[in-house]
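Those sequence lines, one after another, are chains G and Y.
So the mapping is simple: the numbering used here equals the position in the first sequence, first residue as 1, plus 139.
So the mapping is simple: the numbering used here equals the position in the second sequence, first residue as 1, plus 941.
There may be inaccurate statements among the hints.
What the hints assert, rightly or not - The calculated lysine-lysine pairs, modelled on DSS-like cross-linking and capped at a C-alpha distance of 30 Å, are:
1. Y/K948 with G/K237
2. Y/K954 with Y/K1177
3. Y/K954 with Y/K1164
4. Y/K954 with Y/K1020
5. Y/K1020 with G/K177
6. Y/K1000 with Y/K948
To be verified - Using C-beta positions, here's what the derived DEER-type ranges look like:
7. G/Q257 with Y/A1078: 15 to 23 Å
8. G/G397 with Y/G961: 37 to 45 Å
9. Y/A1194 with G/R271: 46 to 54 Å
10. Y/S1018 with G/Q234: 35 to 43 Å
11. Y/E967 with G/D311: 49 to 57 Å
12. G/V489 with Y/Q1184: 41 to 49 Å
13. G/A512 with Y/S1089: 42 to 50 Å
14. Y/L1083 with G/S269: 24 to 32 Å
15. G/R215 with Y/L1131: 33 to 41 Å
16. Y/A1194 with G/L295: 53 to 61 Å
17. Y/Q1023 with G/I300: 40 to 48 Å
18. G/R161 with Y/N1013: 53 to 61 Å
19. G/Q234 with Y/N1013: 27 to 35 Å
20. G/V489 with Y/N1013: 34 to 42 Å
To be verified - With the C-beta cut set under 7 Å, the calculated list includes, among others, these residues of chain Y facing chain G:
21. S1040
22. S1041
23. M1073
24. S1086
25. S1089
26. G1138
Just so you know, these hints were derived from the structure itself, not from any lab.
Cβ coordinates follow ideal geometry from the N, Cα and C atoms, glycine included.
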Amino acid sequence: MSAEAITDSMVVPDFQMRVEDRRLYLTVLGPWTLATIKSLDARLAKDLNIEDYQDVSYDFESLTDLDTAGAYILARAIRCTPEECYPFHLTGNSQGQKILMREAADASMGRAPTEARQWFDVLVRMGEASERFLKETIDNLAFLGVFFMVMIRQMLTPHKIRWKSVVAHIEDVGLNAAPIIMTLSFFIGAVIAYMGANMLAANNLQFMMPELVGFAVLREFAVVVMAVILAGRSDSAFTAQIGAMKMRQEIDAMQVIGMDRYEALVIPRALACIISAPILTFLAMISGILGGVIVTWIAVEGISPRFFMERFSEMVTLQHFWVGMAKAPVFGLIIAVIGCRQGLAVTGSVESLGKRTTQSVVQALFAVIFVDALFAVFFYQIGV
Amino acid sequence: MEIDFSKAPVEVKNLRSQFGDNIVHESLDFQVGSGEILGLVGGSGSGKTVLMNTLLGLKEPDGGDVFYFGQNRSSLSYKDRQSLNNIMGVLFQGGALFSSMTVRQNIMIPLREHTDLPVPLMRELADMKIHMVGLPAHAATLYPSDLSGGMRKRAGLARALALDPKLLFLDEPTAGLDPIGASAFDQLILDLREAMGLTILMITHDLDTLFTICDRVSVLVDKHIAITDTLPNVMKHPHPWVQEYFGGPRARAAINAGDGAGAS
Chain G
140 MSAEAITDSM
150 VVPDFQMRVE
160 DRRLYLTVLG
170 PWTLATIKSL
180 DARLAKDLNI
190 EDYQDVSYDF
200 ESLTDLDTAG
210 AYILARAIRC
220 TPEECYPFHL
230 TGNSQGQKIL
240 MREAADASMG
250 RAPTEARQWF
260 DVLVRMGEAS
270 ERFLKETIDN
280 LAFLGVFFMV
290 MIRQMLTPHK
300 IRWKSVVAHI
310 EDVGLNAAPI
320 IMTLSFFIGA
330 VIAYMGANML
340 AANNLQFMMP
350 ELVGFAVLRE
360 FAVVVMAVIL
370 AGRSDSAFTA
380 QIGAMKMRQE
390 IDAMQVIGMD
400 RYEALVIPRA
410 LACIISAPIL
420 TFLAMISGIL
430 GGVIVTWIAV
440 EGISPRFFME
450 RFSEMVTLQH
460 FWVGMAKAPV
470 FGLIIAVIGC
480 RQGLAVTGSV
490 ESLGKRTTQS
500 VVQALFAVIF
510 VDALFAVFFY
520 QIGV
Chain Y
942 MEIDFSKAPV
952 EVKNLRSQFG
962 DNIVHESLDF
972 QVGSGEILGL
982 VGGSGSGKTV
992 LMNTLLGLKE
1002 PDGGDVFYFG
1012 QNRSSLSYKD
1022 RQSLNNIMGV
1032 LFQGGALFSS
1042 MTVRQNIMIP
1052 LREHTDLPVP
1062 LMRELADMKI
1072 HMVGLPAHAA
1082 TLYPSDLSGG
1092 MRKRAGLARA
1102 LALDPKLLFL
1112 DEPTAGLDPI
1122 GASAFDQLIL
1132 DLREAMGLTI
1142 LMITHDLDTL
1152 FTICDRVSVL
1162 VDKHIAITDT
1172 LPNVMKHPHP
1182 WVQEYFGGPR
1192 ARAAINAGDG
1202 AGAS
């Protein structure tokens, strides 16, 4: 703390002890600071363990520097019964050192709680996860219910819908996602064609390529690729946007000003998704089939794009197109609702924002695939 | 690096700071004496936080020099700057605790980074700091989001003190605290200075804090430090901003309260 302290800092810290009349005399030498105590800690603890005494008398005459860490180590010499601690005495100390020692003595008395791990933690965590899953499902359904209430209310007064916000979200959710969705769908169409080409050619059924690509892309892949990208891109963005607003109390401010959080935040995003999803799906279908056509042309002999398209329009009826398209707005709605709900569930901490964003994407993907399976059962039952 | 603690802990000479064309500081001179508590006041947007960030090394000065214990910052090597940072602690306005860690883990961060002590000892030292800033022992395992505003400030202070700094920067330490919490925090700062031999620079608008614990007060107006002196002398300064600041009803109330406390 003073100029001398620095010039002496080269001196190695040390201590000497003796016991007289059940009193420990501890002479402290050199600097006792964070930088120097490492070597002393274990040694002092060991030496103290073998001595038998009650009171402690410290001699700070030769002490050159003391900080909280040094004081803490020294205070370990103070013996305590469960009720109280035996007194300690200081000689050759400064006022600041006395305060430090008193603080250190107080701190070493009260033991702070520790976190213990139990063997059954695994079971506890599994139970908690199951409970959370159930609660999340119920919460999601409840949120969906509220959403529909607000939606119906808004539909009755359409001029109150924030159309500007809807259009802005459509640009982000729909237009900006179009290139990536089309690219991915193109690859999916190409992959299906490649896989089918081998299998069908082995049975001399190459001429059925258009049906394979058409059914797969129109009924399933276009809309699922669209939903996956939407969940990864827009759903996470919704959660992060709304979650950050929640963290900064913007949502509370909106509430107090009298703006409905559903009307202002959820409805525009949901409408944007519901409108964008079919358009994106349509684009995905086009590029998926294009991918199939090109691969078929390259990989399968005797099937020109012209033949492909002729057979395609003959065999792939419009109902397959509608099966795919019918799912798109539903997926869009699911994704928007889950994204918004998770965003609104964010609490104060940064960690909860991250957790909610992850959860949002996982739940959205889970829900999309699950609902897709339900659709498959439904369409099978009605025979389309 | 050898540090001469007899020199002034912080000295700023001819500092200029600017963002684009907007000049925040010009020919600013400033000194913090060893062991003192210096209060820095100035209107909103006068550049107090910019000055503090410059002193912390978060912002490079656009002109002029910053000295710590007589050493010019710009002439120091990267390593020396690091060891300088270790003798500085800072309490940011909102506490700036890492929200994904418990209070104890927050305080252990500087120890983990800069010492090679055994982890149990680090934990005990962190608990001691928690005790020193007046937090209850069970606060150690809480997360910052579980703490009240006042407790968060105390936890932030405990982290700032983790490495036993010589120099402590406080950005509005009592803002957002109730008067009882604020005066308890003031007392805590006084006690810690006594115990740890700290030099403290604090930005504050709390007139009670200025009156009760600051040894000297610096006024930042018109892009430079107009005066650094004891409070009675600062209040005599003719600058209109100073007159308005200390002549307002809030200031008069604080002065009267201070006199009353002195008499009793």
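Range agreement (Cβ of Y/N1013 with Cβ of G/R161, hint 53 to 61 Å): 56 Å Cβ-Cβ, so the 53 to 61 Å window holds.
CB-CB spacing for Y/G961 and G/G397 relative to the 37 to 45 Å hint: holds (39 Å)
Residue hint Y/S1040, partner chain G, criterion CB-CB below 7 Å: Because about 4 Å separates Y/S1040 from the closest Cβ in chain G, which is inside the 7 Å limit, the hint holds.
Range hint compliance [Cβ, Y/Q1023 to G/I300, 40 to 48 Å]: violated (57 Å)
Closest C-beta approach of Y/S1089 to chain G relative to 7 Å, hint status: Violated, because the Cβ-Cβ distance from Y/S1089 to chain G comes to roughly 12 Å (cut-off 7 Å).
Hinted pair Y/K1020 and G/K177, Cα distance within 30 Å: This hinted pair holds, its Cα atoms lying about 22 Å apart.
Hint check, Y/G1138 versus chain G [nearest Cβ-Cβ separation less than 7 Å]: holds (5 Å)
Satisfaction of the hinted span 15 to 23 Å by the C-beta atoms belonging to G/Q257 and Y/A1078: holds (22 Å)
Y/K954 paired with Y/K1020 [C-alpha distance capped at 30 Å]: holds (23 Å)
Agreement of hint Y/S1086 with chain G interface, Cβ distance less than 7 Å: Holds - the Cβ of Y/S1086 comes within 7 Å of chain G, reaching about 4 Å at its closest.
Assessment of proposed distance window 24 to 32 Å (beta carbons of Y/L1083, G/S269): Roughly 27 Å apart at Cβ, these two residues keep to the hinted range, so it holds.
Hint check for G/L295 and Y/A1194 - Cβ pair distance inside 53 to 61 Å: At roughly 56 Å between Cβ atoms, G/L295 and Y/A1194 fall inside 53 to 61 Å, so the hint holds.
Against the hints set out earlier in the document, violations occur for numbers 11, 15, 17 and 25.
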